[in-house]
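Residue strings, one per chain:
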Amino acid sequence: MAKQWLWRLVQTAAGIWLLASLVFVLSHLGPVQGADVLLPTAGDLNTAATPGSFAQREATRRAVQRRLGLDQPVFYVSWQSATDTAGGYWRWHGLPNQYHSWLLRTVHGDWGTSLSSREPVTTQLWQAVVYTFPLVVITLLFTLLLAWQLAEQLAARPWWQPLMQTALTGLQALPLFAIALALLLLLANPEVVAWFPPYGLGQTTPTDVGWGPWLSSYAYHAILPAVSLMLSVLPAVTLQLAGALRNELAQPYTATAYAKGLSQPQVIRRHALRNALLPSLTQLTDLLPTLVAGTLVVEVVFALPGMGRLLVQAATTRDYPLLVGGVLLIGTARLLALLLADALYKWADPRIR
Amino acid sequence: MTWARRLAWLWLGVVVTVALSVPYLPLPYSPAVPDLAHIAAAPGSTRHWLGTDAQGQDVLANLLFSTRTVVLLTLPAAALAALLGSLAGSIAGFWGNRLRVPLPYWLVALALTWTFLRLPGEGYALALALLAALAIIMQRRIRWRWPAFRLPLDTILLGSITVLGAVPRLLLVVAITSQGITATGLIALLALLAWPEIARLVRAQMQRVRVLPFIEATQVAGISSSRLWLRHALPHALEPLRTALPLSLAALIGLETTLSFLGVGLPPTVPSWGRMLAGARLNPSSYPSAIYPLILLITTTVALQTIATIPFIIAHKYNNIKQLKTS
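Protein sequence lines, in the order shown, are assigned to chains A and B. Per numbering that gives the first Met the number 0, residue 0 is the first one in the first sequence, and the count goes up by one each step. Per numbering that gives the first Met the number 0, residue 0 is the first one in the second sequence, and the count goes up by one each step.
Just chain A, with the same shape it has in the complex (with noise of 0.2 Å):
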């Protein structure tokens, strides 16, 4: 069991790395460049900075370019096309590449820096997840304790339960932005019922208001993020887990547990829901990733100045540092979550230890 663990976790930490490659090596082969985003553009009204000539631009994007490294090649080989007097072959280029001294970097901490902001990619994120980090934890707590107590009014098959069930599979079709979004715009629209804000969190930092008034303000904003990211992974734990529930409760220790004269609730808790319990902790690897991930969505609604909305701006301003250090950071969310549901799979299963 312990080595399966430990060769699902090297699978992992090896996808993390492919596909961060893969992410590095796509934006820097890509038609817009790292030289482009920087480059002043006619819009820019700093004119002493906008070159006038065509020379003169393309001298400034040489010297961009020498800059930041993107003079050298992307990656250790290439393919160099067909020319009239030969054809196409690969072309070696050895370890002064991009991707090399990326990768160093990266392994000895250094993630970059940003393009838009020319802040380090570590400084920007941590002061991303400082907002992130709480949002996700909560929701997840949330989830959890509320699926544990559906499922468990589920499996009693109360005269609710179809209903219920109808109403969680309904919901688990809804796409998580649609969910967010009929929340903002029924609950936090002038228009309707504006109970919540629908942004304006992160104008204040704790150092200036002090942290009572800043943590009881991000509660406050962070209602409905949190509410949202929480109804789109309910129905698949609570589901998963009144199904596993129903398969106990149908089997022949249940009989003996009611034989010996326990109470439906007793039977449930003290013998079917352990049981039960085990194929969730599988399920909570994939469940806290695809919090964070959905933070993307949340944070972009309800203008939460987190992680997620950091990393959608970094795509559509092509900030490729930060974006590779987004996909670097949440595959880390992962490999924490699998070693977390191994510690709590030794916990709830003695058969393992």
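These are computed hints drawn from the structure, not numbers from a lab. Beta carbons: idealized from backbone N, C-alpha and C, even for Gly. Watch out, some of these pointers could steer you wrong.
[Claimed, not checked] Residues of chain B clear of chain A, computed beta-carbon distances all greater than 12 Å:
id, residue
1, 74
2, 95
3, 216
4, 224
[What the hints assert, rightly or not] A short, non-exhaustive set of chain A residues, derived as facing chain B with CB atoms under 8 Å:
id, residue
5, 88
6, 180
7, 184
We have chain A already, so just place chain B on it with the hints.
Here is chain B on its own, set in the frame of chain A:
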């Protein structure tokens, strides 16, 4: 077939028909051209039957053309993913890690890779291919036994599924499409992200089917294993597609609308439900126009879920057979 399933099929039929026929419909307005004389018009007030949005674009035309975008992107992607996933899953489930491939076939694969990657020296690849052909002839004619090496198909499949699942797919799509992407590229990307789920299910089903008595009987009858796989095992292993295909289609529709909502992927001139909803996000006072795409999105995904829920008897067919066999 219950009435709910009939209704679902009917709705999906309508959606696909609309998507395919919309360029030929006599619509009074085209989707991208703003009507500056009527900005944010109410439904039915002018010739805009569903009104216009804050840019003066006709809501009805946008809605219909968005449906076309969604269908033309997700349907091919889901079909491609189903093809890829069922091929990979059924092969890995049928042969597992047990397939032993003789040396000449490895040489053929090497020669093919060599040519495909256009590595220097085509002569080597040709020589390799000739050598392999000779070796295969030797094996066929004089029963020469070449050493065979194990091809761990199952491990390869599971490994690639883990690798693709290492990062949430929304993040991956956002990161990869930031460079801008063509429609074909987006279809390929969506298919690439959707096949692992189908492969996993088909693989599990194939592992169940492979041990059924009729497969053993076919083996005893002396049918080659590739024919056994294709003609006898595969039709049964594809059973999960009944559920998996509609569900993966629904997931892809969700992913595509999310992408266009975030403003990533296809250029903003392409009409889509997500883009219409993003307009409502920026302009909350025009929220009624967000209701139409939301309704279409919800109905379509609920319809897909409805046809994905299969009757109990079919769902438990193979479990029952397996229980019969073991008891």
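- Item | Least C-beta distance from residue 95 of chain B to chain A larger than 12 Å | holds (17 Å)
- Item | Least C-beta distance between residue 74 of chain B and chain A, which was stated to exceed 12 Å | holds (17 Å)
- Message: Holds or violated: the hint that residue 88 of chain A contacts chain B, with Cβ atoms closer than 8 Å.
- Response: holds (6 Å)
- Query: Hint check: is the beta carbon of residue 180 of chain A less than 8 Å from a beta carbon of chain B?
  - Reply: Interface hint status for residue 180 of chain A: holds (6 Å vs cutoff 8 Å).
- residue 184 of chain A as an interface hint toward chain B, with CB separation required under 8 Å: Nearest chain B Cβ about 5 Å off; hint holds.
- When you look at the beta carbon of residue 216 of chain B, is every beta carbon of chain A farther off than 12 Å? holds (33 Å)
- Any Cβ of chain A at or closer than 12 Å to residue 224 of chain B, or is the non-interface label fine? The assertion about residue 224 of chain B holds, with a minimum of 29 Å to chain A.
The structure is consistent with each of the numbered hints, conforming to all of them.
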